[in-house]
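Q: Work out the full structure: start from the sequences and follow the hints.
2 protein chains.
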Amino acid sequence: MKAFEFHNPTKVIFGNGTVSEATGLAVADAGSKVLLVYGKQSIKRNGTYDKVISSLKAAGLTDVVEFSGVKSNPCLSHLKEGVAIAREAAVDVILAVGGGSVMDEAKGIAAGVFYNGDPWDFYSGAAAPEQALPLIVVPTLPATASEMNSGTVITNDVTQEKYGFFSEHLFPKVAVMDPELTHTVPKDYTAYSGVDAISHLIEGYFTGDAKWTPIQDRYVEGLAKTIMEATDRILENPEDNEARSVMMWSATLAWNGLGVSGVGNMGFPNHMIEHPLSGRYDIAHGAGLSIVIPAWMRFVLDRYPEKLARFAREVFGLDSAEEGIDALEAWFKKIKSPTTLAEGGIPAEEIPSIADDAIKLGHLWGISDYTHQDVVCILNSAAK
Amino acid sequence: MKAFEFHNPTKVIFGNGTVSEATGLAVADAGSKVLLVYGKQSIKRNGTYDKVISSLKAAGLTDVVEFSGVKSNPCLSHLKEGVAIAREAAVDVILAVGGGSVMDEAKGIAAGVFYNGDPWDFYSGAAAPEQALPLIVVPTLPATASEMNSGTVITNDVTQEKYGFFSEHLFPKVAVMDPELTHTVPKDYTAYSGVDAISHLIEGYFTGDAKWTPIQDRYVEGLAKTIMEATDRILENPEDNEARSVMMWSATLAWNGLGVSGVGNMGFPNHMIEHPLSGRYDIAHGAGLSIVIPAWMRFVLDRYPEKLARFAREVFGLDSAEEGIDALEAWFKKIKSPTTLAEGGIPAEEIPSIADDAIKLGHLWGISDYTHQDVVCILNSAAK
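Taken in sequence, the protein lines are chains Z and G. Counting from 63, one number per residue, gives the positions in the first sequence under our numbering. Counting from 63, one number per residue, gives the positions in the second sequence under our numbering.
The set of hints was computed from the structure by calculation and includes no laboratory data. Mixed in with the good hints, there may be bad ones.
Given that identical chains are not distinguished, each listed pair holds provided it fits within a single copy or across any two copies.
[As the list claims (entries may be wrong)] Taking lysine to aspartate or glutamate pairs in the EDC-like style, the calculated list, with each CA pair at most 16 Å apart, reads: (1) K235 <-> E67; (2) K395 <-> E304; (3) K287 <-> E150; (4) K287 <-> E376; (5) K273 <-> D302; (6) K287 <-> E230; (7) K64 <-> E304; (8) K273 <-> D183; (9) K396 <-> D381; (10) K119 <-> D183; (11) K273 <-> E368.
A quick note: this is a predicted structure, and the numbers were derived from the prediction, not measured.
A: Put into structure tokens, the structure is as follows:
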């Protein structure tokens with residue numbers, strides 16, 4: 063184990079019905095002029111919007127400005143609109159209701175309000191936020207763990223760069239996690255969510271440079287198995303509330319900082335290679351990851367032979383690293399998440415250019431152990 | 063999974079050398095007039111005291127009042143002395159350097175300073191703290207997880223009652239966790255610490271009433287295996303810093319609230335039965351627990367047959383619940399933690415009276431599924 067700091071002050075209120083019971087009180091505890099951030103119309107169709115508004119009213123909150131239209135792979139231009147609206151209305155608290163995209167954009171707005179420059183500066187590493195508006199989140203899609211971490215990822219719609227950053231000011235104050243809200247998540251996004259959560263687990267597991275990490279290894283293996291079991295149950299029966307609950311909390315725990323605490327220096331090679339895919343081709347992040355992960359694992363077979371063998375054994379009960387990779391890929395196929403560039407609609411001839419973007423992102427993130435040729439090689443293997 | 067709230071705002075700074083690097087800054091960030099709480103002379107002998115004082119000085123903190131003499135199974139009368147000293151010196155931050163006893167007593171002082179009544183009221187459930195002084199902790203013994211939870215346990219030296227309570231005001235602000243400080247923990251206390259940490263894991267695992275808890279089950283099983291492995295390594299070589307590090311963080315994670323989040327209603331039967339043992343006979347809490355746990359597990363074989371079988375399989379790779387219990391007991395014996403009342407120096411003829419105390423504590427904690435006869439039966443089986 064290596065040295066680390068862990069500090070996660072987000073309060074989680076988890077359970078069926080919590081959106082109605084707890085949202086208003088949590089927001090009222092943080093402010094009185096609310097910016098309500100959400101995506102498209104789905105939260106209106108499935109009743110979540112009404113529950114949120116009722117809960118706000120019951121807590122005496124009527125000064126609510128709505129800012130909707132956040133899209134999957136949220137973009138900078140929309141974030142800037144949000145900053146302008148938040149400033150104009152002089153809101154003092156932000157409530158984000160939606161998936162990782164909505165929460166991430168809301169974080170960018172929360173920090174952007176106090177910043178005179180372009181909020182992209184945070185994402186490009188040119189500046190760091192010194193403060194942010196308090197943020198309450200009601201996640202509707204378990205995947206990114208944005209509800210209990212300090213990270214945000216945004217796509218620059220001019221450059222198509224998909225960048226992210228962490229800041230201690232961006233932990234949501236309260237995450238109201240109501241598994242019932244996730245019953246309407248369609249099968250494709252349920253699958254992508256499972257992939258996304260697993261991707262968060264494996265980066266530190268494989269790339270961390272600490273010598274002996276039994277706590278973190280078992281944490282990752284246990285959550286990976288659980289996420290696969292829960293996803294399978296949900297795809298069988300989308301109304302399976304037990305499975306929806308387990309999936310929701312697993313996804314949070316997969317990227318709330320605990321699994322990587324103590325693993326030492328680590329990289330994000332799968333995310334480095336995937337971001338250009340979803341950033342350029344607007345596919346779901348999880349869909350991009352299921353394309354990248356098996357190809358990446360085969361590429362690093364010689365780099366992490368013992369860890370890949372351990373993963374195969376502990377997660378799948380299999381005897382070799384290769385079998386473990388095959389099993390993970392087979393599971394991606396089973397849940398119908400793409401495993402080739404073609405399935406993701408990504409033209410193979412653009413691999414060199416995608417690799418350019420990945421390497422550029424790697425520089426920003428301090429990842430130096432992949433050459434352009436390495437990334438091309440990984441993507442070529444995903445093209446087959 | 064059941065509904066839960068999870069909120070743990072303690073910041074952990076973990077790693078070799080952190081006591082010198084981080085203690086002073088963490089304290090200075092919270093206040094300027096410091097009450098330094100510690101136990102006997104061991105922190106002076108092993109150099110920890112000097113490191114702490116140097117770090118405080120380097121951060122410009124010279125207004126430090128010392129309050130030492132906290133004993134294992136810390137007692138109410140001493141806690142009250144601490145409250146008086148803290149008030150007289152008008153300290154605005156408390157720094158606790160020591161094991162669970164020191165941290166727990168420091169928590170009682172932190173809350174007691176603001177309370178006009180007897181601080182025992184908190185422990186007996188007659189009152190709840192409304193505020194507390196900020197607390198920074200430097201744990202020197204990994205066991206109770208007091209460094210990252212809101213609990214405190216104190217023994218009333220008049221009544222010999224050993225009671226505890228939780229309060230959101232009692233989370234340490236910062237836990238400076240330096241594994242090197244634990245190298246001098248002797249073998250007996252190393253063993254008791256392992257038992258204590260395991261005891262925290264199993265209460266929710268076995269008694270929680272939620273139906274499907276794969277996240278929590280695997281979390282517990284992974285940590286239990288890890289704690290046994292790390293303890294074995296430490297007993298082999300007390301200077302094994304890797305093992306000391308893993309043990310330190312495992313013990314924290316075993317009782318920081320995460321493992322029980324979502325398990326539903328749960329009891330603390332092992333703690334209910336053990337508290338009278340260490341409260342009355344002044345043995346180490348972990349030593350009392352290794353006496354109680356195997357006897358309790360055999361008693362609940364019919365109550366939790368599947369979970370005990372799962373524990374045997376996942377933690378020990380064994381085929382039956384009975385074999386699992388035997389294996390755990392054998393491990394307690396191997397690490398030389400007592401497994402009978404006689405080994406703990408506890409007179410068997412006092413079993414009925416011990417059971418009286420346990421039942422009384424059970425009432426306080428809302429544990430209603432053990433009769434006096436049940437507790438006698440469990441203790442009788444531990445008397446053999």
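Q: Does each hint hold? Answer for all of them.
A: Going through the hints against the structure:
Taking CA atoms no more than 16 Å apart as the test, K235 paired with E67 passes between copies only; the shortest distance there is 13 Å, against 19 Å inside one copy. For a Cα distance limit of 16 Å, the shortest separation of K395 from E304 qualifies neither inside one copy, at 24 Å, nor across copies, at 39 Å. Within a single copy, K287 and E150 get their C-alpha atoms no closer than 47 Å, and across copies no closer than 55 Å, so neither meets the 16 Å cut-off. Taking CA atoms no more than 16 Å apart as the test, K287 paired with E376 passes in both settings, with 9 Å inside one copy and 14 Å between copies.
In this homomeric assembly, K273 and D302 come within 16 Å of each other (Cα to Cα) only across copies, at 13 Å, whereas the closest approach inside a single copy is 40 Å. Taking the closest pair of Cα atoms, K287 and E230 never come within 16 Å of each other, the shortest separation being 30 Å inside a single copy and 33 Å across copies. When the C-alpha separation of K64 and E304 is checked against a cutoff of 16 Å, the pair qualifies only between copies, where the shortest distance is 9 Å, while the shortest distance within a copy is 36 Å. In this assembly of identical chains, K273 and D183 lie within 16 Å of each other by CA distance neither inside one copy nor across copies; the values are 36 Å within and 47 Å between.
Neither within a single protomer nor between protomers do K396 and D381 lie at most 16 Å apart by alpha-carbon distance, with minima of 21 Å and 32 Å respectively. Proximity of K119 to D183 under the C-alpha cut-off of 16 Å is found in neither arrangement, the shortest distances being 36 Å within a copy and 38 Å between copies. Taking CA atoms no more than 16 Å apart as the test, K273 paired with E368 passes inside one copy only; the shortest distance there is 12 Å, against 35 Å between copies.
Violated hints, listed in ascending order, are 2, 3, 6, 8, 9, 10; each of the other numbered hints is respected by the structure.
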